[in-house]
Amino acid sequence: MDYLSADKILIVDLAASETTEDELDEDLVSEKIGGAGMTKHLYEQHEDEDPIVIGTGLLTGTLYPATAAGVITAKSPVSGTLCHCPITLKLGVEIKYSGFDYIVLKGVSDKPIYLWVHDGVADIQDAADVWGKDVWETTDAWRKIVGDDLLQTLVIGKSGESGSDYAQVCFNHWSSGDRWGFGKAFGGKNIKGAAFRGMGLLEAAKPEEFVERSLEILKAIKPNDFMGKRGVGDICAALGHEDVTDWLAPIVHRHSACYNTPYPTNTFAYLDDDPKLVTETKVKEPGILITDIFGLIGFKNLGLSAADSCRALKACAKYGIDPTAVAELSPGKSLEDVENAFARLSGSPPIAGKGVFSPWCPTKPLFGDFGLSGGDETANWWERHQALASIFGIHPIFAVMCPQLTEENMLELANIGTDLELDKDTLDEVIDGLCG
Amino acid sequence: MGIRIDALKCTACMACEMACGYHRDDGFAFLSSCIVPYRAKEKTDYFGVLLKEEETLVVARPEGLEINKIGEEQDPEKEADASAKPMLLREACDLCEDVEDHGPLCIQFCPVEAITLEEE
Chain E
1 MDYLSADKIL IVDLAASETT EDELDEDLVS EKIGGAGMTK HLYEQHEDED
51 PIVIGTGLLT GTLYPATAAG VITAKSPVSG TLCHCPITLK LGVEIKYSGF
101 DYIVLKGVSD KPIYLWVHDG VADIQDAADV WGKDVWETTD AWRKIVGDDL
151 LQTLVIGKSG ESGSDYAQVC FNHWSSGDRW GFGKAFGGKN IKGAAFRGMG
201 LLEAAKPEEF VERSLEILKA IKPNDFMGKR GVGDICAALG HEDVTDWLAP
251 IVHRHSACYN TPYPTNTFAY LDDDPKLVTE TKVKEPGILI TDIFGLIGFK
301 NLGLSAADSC RALKACAKYG IDPTAVAELS PGKSLEDVEN AFARLSGSPP
351 IAGKGVFSPW CPTKPLFGDF GLSGGDETAN WWERHQALAS IFGIHPIFAV
401 MCPQLTEENM LELANIGTDL ELDKDTLDEV IDGLCG
Chain D
1001 MGIRIDALKC TACMACEMAC GYHRDDGFAF LSSCIVPYRA KEKTDYFGVL
1051 LKEEETLVVA RPEGLEINKI GEEQDPEKEA DASAKPMLLR EACDLCEDVE
1101 DHGPLCIQFC PVEAITLEEE
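Going line by line, the protein sequences match chains E and D.
Those letters in the first sequence? Residues 1 to 436, per our numbering, in order.
Those letters in the second sequence? Residues 1001 to 1120, per our numbering, in order.
No lab work stands behind these hints: they were computed from the structure.
Where hints are given, some of them may not hold.
Unchecked claim - The list that follows gives simulated cross-link-like pairs (lysine to aspartate or glutamate, EDC-like), each with its CA atoms no further than 16 Å apart:
| id | chain 1 | residue 1 | chain 2 | residue 2 |
| --- | --- | --- | --- | --- |
| 1 | E | K8 | E | D22 |
| 2 | E | K333 | E | D308 |
| 3 | E | K8 | E | D123 |
| 4 | E | K229 | D | E1113 |
| 5 | E | K219 | D | E1113 |
| 6 | D | K1041 | E | D140 |
| 7 | D | K1041 | E | E280 |
| 8 | E | K300 | E | D243 |
| 9 | D | K1041 | E | D148 |
| 10 | E | K354 | E | D376 |
| 11 | E | K75 | E | E49 |
| 12 | E | K206 | E | D225 |
| 13 | E | K424 | E | E31 |
| 14 | E | K282 | D | E1063 |
| 15 | E | K206 | D | D1025 |
| 16 | E | K111 | E | D123 |
| 17 | E | K75 | E | E31 |
| 18 | E | K276 | D | E1063 |
| 19 | E | K300 | E | E242 |
| 20 | E | K206 | D | D1026 |
| 21 | E | K222 | D | E1063 |
| 22 | D | K1041 | E | D149 |
| 23 | E | K284 | E | E377 |
| 24 | D | K1041 | E | E203 |
| 25 | E | K206 | E | E47 |
| 26 | E | K222 | E | D243 |
| 27 | E | K133 | E | D123 |
| 28 | E | K8 | E | D25 |
| 29 | E | K206 | E | D2 |
| 30 | E | K75 | E | E47 |
| 31 | E | K111 | E | D25 |
| 32 | E | K300 | E | E336 |
| 33 | E | K229 | E | D246 |
| 34 | E | K424 | E | E408 |
| 35 | E | K284 | E | E49 |
| 36 | E | K219 | D | D1025 |
| 37 | E | K8 | E | E203 |
| 38 | D | K1009 | D | E1063 |
| 39 | E | K354 | E | D308 |
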């Protein structure tokens, strides 16, 4: 595959401690397109060895708006069904530029390891030094080893190592969209995580046309009212939690965006320094990047203050546990109760949707209605939008707020970028295969 | 004309970096960009933008602009930004002079208008 691709699939045989590489076949892209379409295919190909498949979308890492996302596809150790978790922040892009489009982790390692992927090279590394460390300590340790603070990580904490059903794979230091217990799946394979860094080049078949159309689409996005909004507070308000914005405001430091995503979906809260500070703080760990809307709302609903809710989010991120599940299942309502509950949670938090795509992304349109009437129509629209986002590598939350990102222009850009002739019938087949 | 950056508007989305990389490499890549959000201080949420110009390295910090003459000795009391060193090896901003119609692509692709063009 010459275009929009690193042209490589990495197969990691954990039991044998060996890696092999396959080329990404153009015919396969014509059939499965990319992202979750491809990760599901690779999962089925290696199903006997219970794989976890990491991948990026066909448009990930380009100038088409919001092309931040990758995807983790695996069988949930909790539900036993095949699920997809979006990869956001700058991690999806880093995976693609590190030199592999897809990574299959199959079998079980006989000792703790992590995967170090950089510039088209993949190494299986001993993780004995970080096994037992939390998510933050582990990411910091890997960055220190490589000497690069831009290293991007997928990592589990103590929750994943101990086999909790609520264990999350985290991204760098932060909570993720993993509602499927993939942290437990990683821990069960003795994989502490993976670290990525790369300076690859993606070529487009018709680069000028690709950039021209991407710019036209971005210009059409800019007049939307939501472009004047920022961060998780405004998303909560759009979901009907209007009081979150004012409740959170006193501790908000700044808002930040995932790669090339016009709306900043992440909000950093300062807990141990002045949120109004614009110079760099001297405090090493002053707060938390809020990446989980429903975790925040859940802790608020327990009656915690904004600061304590964010302290709970920080503790969850370090431990590598799903904050939404913690907020839902915590037997007590104080911050201390929440933190003490991590190893003792039981029960099943409700999961919106069909259990295929993560309800970490709100299950209805944000900042508009997309002309939907609600009920099944909205539910089906959401599943289809999540499928589209996961195939093309679009930020899943931006996909439910931006009417200008259409499946027609995603297909159009994919064809301009690759010179393939992907059509709606193919896309429908891939989406049907994902959504069932 | 020159590029002006408002670091407090920036959301560190990296669209400018990719747009510049495309201008340099005719493909999608980060290696050659002369405009780069610095984002290495993730845990402290301290981010801004670096811009390599012909004679200066502009560091757009949240607290204000810092303009360093390339080749001049820097204040030894000031901690160097790790991102700055590779920037000095890159080509300087040419305002995308060969791109017809649009002007600098970083400005066009910035979704929050943190980058503007102004008379010097």
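Exercise for the section: Would you check the hint for K229 (chain E) and D246 (chain E), treating anything up to 16 Å between C-alpha atoms as holding? Expected result: Measuring from Cα to Cα gives roughly 14 Å; hence the hint holds.
Problem - 16 Å Cα cutoff - pair K206 (chain E), D2 (chain E) - result: 12 Å, holds
Problem - Pair hint K111 (chain E) and D25 (chain E), alpha-carbon separation not exceeding 16 Å - result: 33 Å, violated
Handout entry: Straight-line alpha-carbon gap K222 (chain E) to D243 (chain E), limit 16 Å
Key = 26 Å, violated
Handout entry: Pair hint K229 (chain E) and E1113 (chain D), alpha-carbon separation not exceeding 16 Å
Key = 14 Å, holds
Problem - Straight-line alpha-carbon gap K1041 (chain D) to D140 (chain E), limit 16 Å - result: Roughly 11 Å separates the two Cα atoms, so the pair holds.
Handout entry: Satisfaction of hint between D149 (chain E) and K1041 (chain D), Cα-Cα up to 16 Å
Key = With Cα atoms ~8 Å apart, K1041 (chain D) and D149 (chain E) stay inside 16 Å; holds.
Exercise for the section: Compare the distance between the alpha carbons of K354 (chain E) and D376 (chain E) with 16 Å, and conclude whether the hinted pair is satisfied. Expected result: 12 Å, holds
Exercise for the section: For the pair supplied as a hint, K284 (chain E) and E49 (chain E), confirm whether the alpha-carbon distance does not exceed 16 Å. Expected result: 41 Å, violated
Handout entry: Hint consistency between K219 (chain E) and E1113 (chain D) [alpha-carbon to alpha-carbon, up to 16 Å]
Key = 12 Å, holds
Exercise for the section: Measure nothing beyond the straight line between the CA atoms of K222 (chain E) and E1063 (chain D); if it is 16 Å or shorter, mark the hint as holding. Expected result: 27 Å, violated
Handout entry: Proposed proximity, E31 (chain E) with K75 (chain E) (alpha carbon, max 16 Å)
Key = Between K75 (chain E) and E31 (chain E) the Cα gap is close to 23 Å, so the pair fails against 16 Å, i.e. violated.
Of the numbered hints stated above, those contradicted by the structure are hints 12, 17, 21, 23, 24, 25, 26, 27, 31, 35, 36 and 39, listed in ascending order.
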